[in-house]
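Assembly of the complex is requested from the two constituent chains, each provided in isolation within its own frame, with the hints serving as guidance.
Chains as they are written, first to last, in this note's numbering: chain A, 66 to 455; chain B, 362 to 717.
Everything labelled a hint here was simulated from the structure, so no lab data went into it.
Keep in mind it's a predicted model, so treat the numbers as computed, not measured.
It is possible that some hints are incorrect.
Taking beta-carbon pairs under 7 Å as the criterion, some of the chain B residues facing chain A (in silico) [to be verified]:
#	residue
1	Cys-413
2	Val-486
3	Arg-487
4	Val-505
5	Cys-507
6	Ala-520
7	Tyr-523
8	Asn-525
9	Trp-636
10	Pro-637
11	Ile-643
12	Tyr-644
13	Thr-647
Computed, partial: chain A to chain B, Cβ under 10 Å [as the list claims (entries may be wrong)]:
#	residue
14	Gly-103
15	Tyr-142
16	Lys-147
17	Leu-181
18	Gly-199
19	Phe-240
20	Pro-273
21	Leu-346
Backbone N, C-alpha and C fix where the C-beta goes; we use that ideal spot for every residue, glycine too.
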Amino acid sequence: MSGKNTFTSRSLLTPFNLVAGLILIVGAVITVLRFTRGLAGVTHLSNDNPWGLWIGFDLLCGVALAAGGYVTSAAVYIFGMKRYHSAVRPAILTGFLGYAMVVLALNYDVGRPWRLPYPFVVQQGTTSLLFEVGACVALYLTVLFIEFTPAALEWLGLKRARNLVTRLTILLTIFGVVLSTLHQSSLGALYLIAPSKLHPLWYSSYLPVYFFVSSIVAGLSMVLFESTLAHHYFGDKMDEKHLRENTDVTLGFAKAASLTLAGYFTIKVIGIAMDNNWRYLATGYGLWFLVELLGFVALPCFLYAVGVRDKNIRLIRWTAVLTVLGIILNRLNVSLIAFNWRLPSSERYFPSWMEIMISVFVVTIGILVYRFVVTRMPVLYEHTDYPSSH
Amino acid sequence: MSLTRRKFLGWMGAAGAGAVIGKNAAASTTEHFKGYPNSFAILHDITLCVGCRSCEAACNKVNELPPPDRPFTDLSVLDEKRRTTAKAYTVVNRFKNRKVPQQPVFVKKQCNHCLEPACASACFVRALRKTPEGPVVYDPSVCVGCRYCMVACPFDIPAYEYDNALSPKIMKCTMCYPRILKGRLPGCVEACPREALTFGKRSDVLEIARQRIRENPGRYVNHIYGETEMGGTSWLYISGVPYKETGMREDLGVTPAPELTSGALSVVPMVVGLWPVLLTGIYAITQRKEKVSAEEKAAAVAEAVEKSEAQACHVLSEALDKAHKDALKEKEAAVHQAVKKALAEAAGSKAEEAAH
Numbered sequence: 066m067s068g069k070n071t072f073t074s075r076s077l078l079t080p081f082n083l084v085a086g087l088i089l090i091v092g093a094v095i096t097v098l099r100f101t102r103g104l105a106g107v108t109h110l111s112n113d114n115p116w117g118l119w120i121g122f123d124l125l126c127g128v129a130l131a132a133g134g135y136v137t138s139a140a141v142y143i144f145g146m147k148r149y150h151s152a153v154r155p156a157i158l159t160g161f162l163g164y165a166m167v168v169l170a171l172n173y174d175v176g177r178p179w180r181l182p183y184p185f186v187v188q189q190g191t192t193s194l195l196f197e198v199g200a201c202v203a204l205y206l207t208v209l210f211i212e213f214t215p216a217a218l219e220w221l222g223l224k225r226a227r228n229l230v231t232r233l234t235i236l237l238t239i240f241g242v243v244l245s246t247l248h249q250s251s252l253g254a255l256y257l258i259a260p261s262k263l264h265p266l267w268y269s270s271y272l273p274v275y276f277f278v279s280s281i282v283a284g285l286s287m288v289l290f291e292s293t294l295a296h297h298y299f300g301d302k303m304d305e306k307h308l309r310e311n312t313d314v315t316l317g318f319a320k321a322a323s324l325t326l327a328g329y330f331t332i333k334v335i336g337i338a339m340d341n342n343w344r345y346l347a348t349g350y351g352l353w354f355l356v357e358l359l360g361f362v363a364l365p366c367f368l369y370a371v372g373v374r375d376k377n378i379r380l381i382r383w384t385a386v387l388t389v390l391g392i393i394l395n396r397l398n399v400s401l402i403a404f405n406w407r408l409p410s411s412e413r414y415f416p417s418w419m420e421i422m423i424s425v426f427v428v429t430i431g432i433l434v435y436r437f438v439v440t441r442m443p444v445l446y447e448h449t450d451y452p453s454s455h
Numbered sequence: 362m363s364l365t366r367r368k369f370l371g372w373m374g375a376a377g378a379g380a381v382i383g384k385n386a387a388a389s390t391t392e393h394f395k396g397y398p399n400s401f402a403i404l405h406d407i408t409l410c411v412g413c414r415s416c417e418a419a420c421n422k423v424n425e426l427p428p429p430d431r432p433f434t435d436l437s438v439l440d441e442k443r444r445t446t447a448k449a450y451t452v453v454n455r456f457k458n459r460k461v462p463q464q465p466v467f468v469k470k471q472c473n474h475c476l477e478p479a480c481a482s483a484c485f486v487r488a489l490r491k492t493p494e495g496p497v498v499y500d501p502s503v504c505v506g507c508r509y510c511m512v513a514c515p516f517d518i519p520a521y522e523y524d525n526a527l528s529p530k531i532m533k534c535t536m537c538y539p540r541i542l543k544g545r546l547p548g549c550v551e552a553c554p555r556e557a558l559t560f561g562k563r564s565d566v567l568e569i570a571r572q573r574i575r576e577n578p579g580r581y582v583n584h585i586y587g588e589t590e591m592g593g594t595s596w597l598y599i600s601g602v603p604y605k606e607t608g609m610r611e612d613l614g615v616t617p618a619p620e621l622t623s624g625a626l627s628v629v630p631m632v633v634g635l636w637p638v639l640l641t642g643i644y645a646i647t648q649r650k651e652k653v654s655a656e657e658k659a660a661a662v663a664e665a666v667e668k669s670e671a672q673a674c675h676v677l678s679e680a681l682d683k684a685h686k687d688a689l690k691e692k693e694a695a696v697h698q699a700v701k702k703a704l705a706e707a708a709g710s711k712a713e714e715a716a717h
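With the rest of the complex left out, here is chain B (with noise of 0.2 Å):
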């Protein structure tokens, strides 16, 4: 059952549940994801943590990564902040104190193990994915290397190997998933002299994380990193000194990085299903009015044509009817004068016969 949570999101935006752009296309669900139940997580109080680099040489060892270039037991790296790359899975930086000065504050880096990752759910080959255990795991197999991922990560984790020409890989901590598989604990866990790591069920470790801060409220900041950020993480942080001035963010809000995605999801298969109704009924329209106009043009034509020739037909039965007209008039002219020719003729001849 994994990725469950980001399956049904991607399956409500395949059922377009949520069709408008926005940040909620879970709110047709009431459902809350808090993690995988008995999923692992680890406990990293900052006020244990002298910064000893201890975690960072087992995890060197325990990933098989290439030796540093500086030995983990030089402690002038710490001079300088540091980020997770593709030959550290983990790092210590160090930051100054302001309650007391002579103390230093040291902060472990590694990924957070989200319970939601951003990582996984930009992955268009599924590359990451959250274990039902705790670890959010890498399968280079698949990878393409399009470093979405590292785009995508709040907390800017994944590294690549960027001197790789042709296989290159997205590294990151693991959580040691394969030990945490065979029932040891991870590589850091293990290596830390001063305890500064708790490993548990993550319900069992935060409950430790809220005992400590109970009975020491002096002690730490009254509050869990990684309880709520970015939807909750399976690596848990409580410190004596504000976050921020760690290093590390309080402006990531507490919204699962799936959901900030959802709603655009969503509304891909609106336009599938919709874009083409529409664009069909512009061309319909279109097409219709063309249809319309041009029967209009030719009804138009047509009765302009029957117009004139009515009326040539009434022109033409007009001048018929003077010629006929006309005709008998020149006939009746004709008789008349034939008449009268004939009269005169008639007399004439009679007048000569008198004359003899």
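Just chain A, with the same shape it has in the complex (with noise of 0.2 Å):
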């Protein structure tokens, strides 16, 4: 990628930003297709799929994967890890960006976007557990901006901000487990309400525990996945300091991560023993759930451990990669796959080519935003003039 040589005078046309422009092109004529002929233009939503790839991907997998923020900062700031320290900037910038895309993507899905607002400031439906999502994302959406701005106001040079907002981290950071908890767990008790539509081995009234510990993993594995990405892209724009805690940090989380889906692990089991759903596993969604709970529950946490007992860094790499792909997978069945698992084929969902579109554009936009961010402002090295507080 292009971030390597920032002082030759370089062309633009890279093959990435070659890629990176077109995909921004046909996203512009997507969204300018999605607000003047609506959703029925450019997707494949209908009355009985009245959500789609943009709310189980773009919203419940982006907020997710976007769990590395708050799963950073209360490693090192609440539990006192500091030597993954170098982890929190490049986890806070990621979370932000993650949310920030989730924000954007609904602004496609809802009808009226520039109503948005209209739950906190004209009527509040407290009775729904997307009042809650949404207040909890609008929320933390602002903390993670604000967690984020020392590295900012570092650029900028703007030192007594700085100052000021790095006082407030403790309190910044407590705010953004309790928001992340409540709303990480809400999004999966947003489907406690369709227990009629709902697979029963996905639908369990502990949907919203699952969603928030498979959160914690999720966001350990995103750390470790978004480090392995930014070493190889970004290497030249790390210090001394950010490489040499990059290998704790490496072995510290893929033990946390592993520890967590062994937990997971358990109380998916535990929820098909209260419901007593054993018999569905002989089912054809039944082998799905087992494809899901053993190849991207169990095997990675197994894997996660062998990686961490032989300092095996590149298995432990190749596991987040797994465990990421295993938290999709989960938000898919349970938003689209075993959703509306009644309905005949003819009336089930596939998205259609402008819904996958859109999404690849809002991440699109996040790498790129992310590539701006670490190519100025101190994130994966420390500001000389602030060394080893921030």
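Here's what the structure looks like:
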């Protein structure tokens, strides 16, 4: 990628930029279509399938995979794992961008996006889990923004403002964990109201707990995954401290992820037992459920443990990818694949290419903003004026 | 006093009465909501319906919906199963009758106007609400268009204007709320030529349904659909064939939808209240651990320093002692030598004198 040769007068026409530019153009065209022809013009949504890819992937996966922010800042500032300090800023940045992408995608999905503040300023539907999700996501996006400002303020040289914000670190971290607990779990709780539509293997009164616990796994794995990518593409931006601590972070997070996955596996099995859903395991959906549970929960749990024991960084990094895929699979199962499972296949939902393109478009914007920020602001390295204190 | 129970459940949540995730946050109350007293309901006697679609036509007219693709007199639309859409608040479907094959079963489908609606409890801007009169009504002026009501509805009723780019609305049967307020019958009820639809107070309508079943035990299945489904609905059905043979789900249970989420909602205030305490506690413990370990380290260093200092002192004093002794010895030796020398000198001089 282009981040490597910052001092040469490089051309903007790198392959990455070309592809990204193309995606942006196509995305812009579909955006126009969305707001002129309505959802019918660009999506495969229907009265039976009111929520599609933009909710299943952009919202559910987006929020889960942006959990690295609260997981890392809690580990470092609250649990006192100071050796992981260099992982905080990248995690906060990707968390913030993740949530910003979620909100951006929501603007495509809801009918009248300019009314998104209505539930807070016009009429409060407090009996709705979606109200809780909305309130927490809005607040947490603000928290993440403030948590990230020190990096921007250091870049801009605003010392006093930067020092003021860093004093709020603990308060913001605690607030962030509270908000994340609430909305991560509430995304699962959204589906509690539809036991007649979601397959019993995925429906459980523990759905909120499943979503919360798996968000911790998602956060840890995303930090590992993103640090692998950042290493590859922005390695030159990393200072010695970041590089030195990286092995510590990798091993520590892998250990935590393995443990949390073990817990997650256990409560998933308990859920099956509580509702006595064993008989469904022998069906087609049951097999699919076992693929998710064994292949994307139990297996990464084991592989992380082996990786930590052998100090095998490579294995840990690949396991992180497997885990992230597992989280995506789980969210898509709940929202799309096992949802409306009783409908005949002709009435089931499959996203249109334009829906997929908008999701790709939103992720591309996130990557471009990430690149803009890490090539300018002290994220992967410490600013020389503020050593070891951010 | 609209939505008292859901509000109540909301407050329950706020009070954190049910701290554990579960299905029964309402466990701390013995209140059982049976619907608003004197609210209206409609009984659909499936055995009387002939599938003429008069109700569909009346509904279309009363609600000023766009003209249908095929006229309402065209009964060939019954060949396929239909659901409610943004252009049709109600549809009639035809099902095979296993008991009397030459007499198919016709069932009208529309919003069932639940006593405790899933859609209303799911709406985060309260665009949907249950009126004390019975209808579940929708306010498009606040609707954001999130479509969670459609996800929540167990009967798959609300439809959405997907082709409306900037002002899409949720579309569903209003039970002709404006007409009811004026004392008129809902459009479909008024139009039905077979009196398959009966409008009245829910308690009265339930009584009529029970009476028909009681008086014609061979004609009806002994179950009033909607009496308890999802906590009860304002649209009730009696049928000659099992409901599941008419596309109606019999596995919905009797739990009102709001109770499905009240447990999760009730956890919210607990998390808000206790998480900061827990996290601050962990933070304090971490800080204290660090402080203690720093203190212990400092103490250990001090002790080590003291010890080595003491040792150094000891060594020094011993050395001094020794030096002192050595000096004394040296002095003694020097004195001794000097005396010896003096004596020798004296003896020498004596001998010299004697030699003179």
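Evaluation of the provided hints:
For the restraint placing B/Cys-413 at the interface with chain A, the shortest Cβ-Cβ distance is roughly 25 Å, beyond the 7 Å limit, so the hint is violated. For B/Val-486, the suggested interface contact is upheld, since its CB lies about 4 Å from the closest CB of chain A, less than 7 Å. Against a cut-off of 7 Å between C-beta atoms, the interface hint on B/Arg-487 holds, since the closest Cβ of chain A lies about 5 Å away. Taking 7 Å as the C-beta contact cut-off toward chain A, the hint placing B/Val-505 at the interface holds, the least distance being around 5 Å.
Interface hint at B/Cys-507: satisfied, since its Cβ lies 5 Å from the closest Cβ of chain A, which is below the 7 Å cut-off. Here the hint on B/Ala-520 is kept, as its CB sits about 5 Å from the closest CB of chain A, short of 7 Å. With 7 Å as the threshold, the beta carbon of B/Tyr-523 comes within range of chain A, its nearest partner Cβ sitting at about 4 Å, so the hint holds. A distance limit of 7 Å between C-beta atoms decides the matter here; for B/Asn-525 the minimum to chain A is near 5 Å, and the interface restraint holds.
Because the beta carbon of B/Trp-636 sits about 5 Å from the nearest beta carbon in chain A, less than 7 Å, this interface hint is met. Among the interface hints, the one on B/Pro-637 holds; its C-beta lies about 5 Å from the nearest C-beta in chain A, closer than the 7 Å criterion. Against a cut-off of 7 Å between C-beta atoms, the interface hint on B/Ile-643 holds, since the closest Cβ of chain A lies about 6 Å away. Against a cut-off of 7 Å between C-beta atoms, the interface hint on B/Tyr-644 holds, since the closest Cβ of chain A lies about 5 Å away.
A cut of 7 Å between beta carbons decides the hint on B/Thr-647: the least distance to chain A is about 3 Å, and the hint holds. Taken as an interface hint, A/Gly-103 checks out: its beta carbon lies about 4 Å from the nearest beta carbon of chain B, inside 10 Å. A distance limit of 10 Å between C-beta atoms decides the matter here; for A/Tyr-142 the minimum to chain B is near 7 Å, and the interface restraint holds. This hint holds: A/Lys-147 has a C-beta 9 Å from the nearest C-beta of chain B, less than the 10 Å allowed.
A least Cβ separation of about 6 Å between A/Leu-181 and chain B falls short of the 10 Å threshold, and the interface hint therefore holds. A cut of 10 Å between beta carbons decides the hint on A/Gly-199: the least distance to chain B is about 6 Å, and the hint holds. Here the hint on A/Phe-240 is kept, as its CB sits about 8 Å from the closest CB of chain B, short of 10 Å. For A/Pro-273, the interface hint holds, the least distance from its beta-carbon to any beta-carbon of chain B being 5 Å, beneath 10 Å.
With 10 Å as the threshold, the beta carbon of A/Leu-346 stays out of range of chain B, its nearest partner Cβ sitting at about 20 Å, so the hint is violated.
Violation of the numbered hints given earlier is confined to hints 1 and 21; the remaining hints are satisfied by the structure.
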